[in-house]
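Dock chain E against chain U, hints included.
Line by line, the protein sequences give chains U and E. Residue 33 in our numbering is what sits at position 33 of the first sequence, and the numbering runs on without skipping anything. Residue 49 in our numbering is what sits at position 49 of the second sequence, and the numbering runs on without skipping anything.
No lab work stands behind these hints: they were computed from the structure. There's no promise every hint is true.
It does not matter which identical chain is meant; a pair holds if it fits inside one copy or across any two.
DSSO-like cross-link-like pairs, simulated, lysine-lysine; straight-line CA separation at most 27 Å [stated by the list, open to error]:
{"id": "1", "residue 1": "K2", "residue 2": "K61"}
{"id": "2", "residue 1": "K2", "residue 2": "K19"}
{"id": "3", "residue 1": "K75", "residue 2": "K10"}
{"id": "4", "residue 1": "K19", "residue 2": "K75"}
{"id": "5", "residue 1": "K61", "residue 2": "K75"}
{"id": "6", "residue 1": "K40", "residue 2": "K19"}
Protein chains: 2
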Amino acid sequence: MKLRIIVTLKSGVLDPQGKAIQHALGSLGFAGVADVRAGKLFELDVADDTSDQAIDDMCRKLLANTVIENYRVEKLA
Amino acid sequence: MKLRIIVTLKSGVLDPQGKAIQHALGSLGFAGVADVRAGKLFELDVADDTSDQAIDDMCRKLLANTVIENYRVEKLA
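Here chain U stands alone, though its shape is the one from the complex (with noise of 0.2 Å):
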């Protein structure tokens, strides 16, 4: 089973990676950039027989922070 998990920061946590990509690309000449967050992309390939929580549970243990961060669980296939 391949999943992708995002993980982007909350709202209203300061993300510096983010507004240094906002102003490089107006240095660039990109006009009109108003908000730039970055955030994280784990793509896993588990055995199928995994439940949901045991994602869950790797989402909380390992991939993400979540006192800063959220995440969000896709199911490829």
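What follows is chain E alone, placed relative to chain U:
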């Protein structure tokens, strides 16, 4: 216009971060994780009249290293 840009390593390119995560999940007791690939995600808020060409240029010039990475643009709204 909200964009989600997903940057992933091309297949065949070594992904040490993904391998480290895969090992860590094994150490934490999660069995059956066959593969992990780590990628990046950028959420951009750009002007509504931004052309597809400009978005493509942003990816090629700044957000992705097209020698080793693929990128995909998803328009959210």
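We went through each hint and held it up to the structure:
1. Taking the closest pair of Cα atoms, K2 and K61 come within 27 Å of each other only inside a single copy of the chain (19 Å); across copies the shortest separation is 30 Å, beyond that limit.
2. For a Cα distance limit of 27 Å, the shortest separation of K2 from K19 across copies, 16 Å, qualifies, whereas the shortest one inside one copy, 32 Å, does not.
3. Proximity of K75 and K10 under a CA criterion of 27 Å is satisfied in both settings, with 22 Å inside one chain copy and 21 Å between copies.
4. Taking the shortest Cα distances, K19 and K75 sit within 27 Å of each other only across copies (20 Å), while inside one copy they are farther apart (30 Å).
5. For the identical chains of this complex, K61 and K75 are intra-copy neighbours only, at 19 Å inside a copy versus 31 Å across copies, given an alpha-carbon limit of 27 Å.
6. In the homo-oligomer, the alpha carbons of K40 and K19 lie at most 27 Å apart both inside one protomer (16 Å) and across protomers (15 Å), since each shortest distance falls under that limit.
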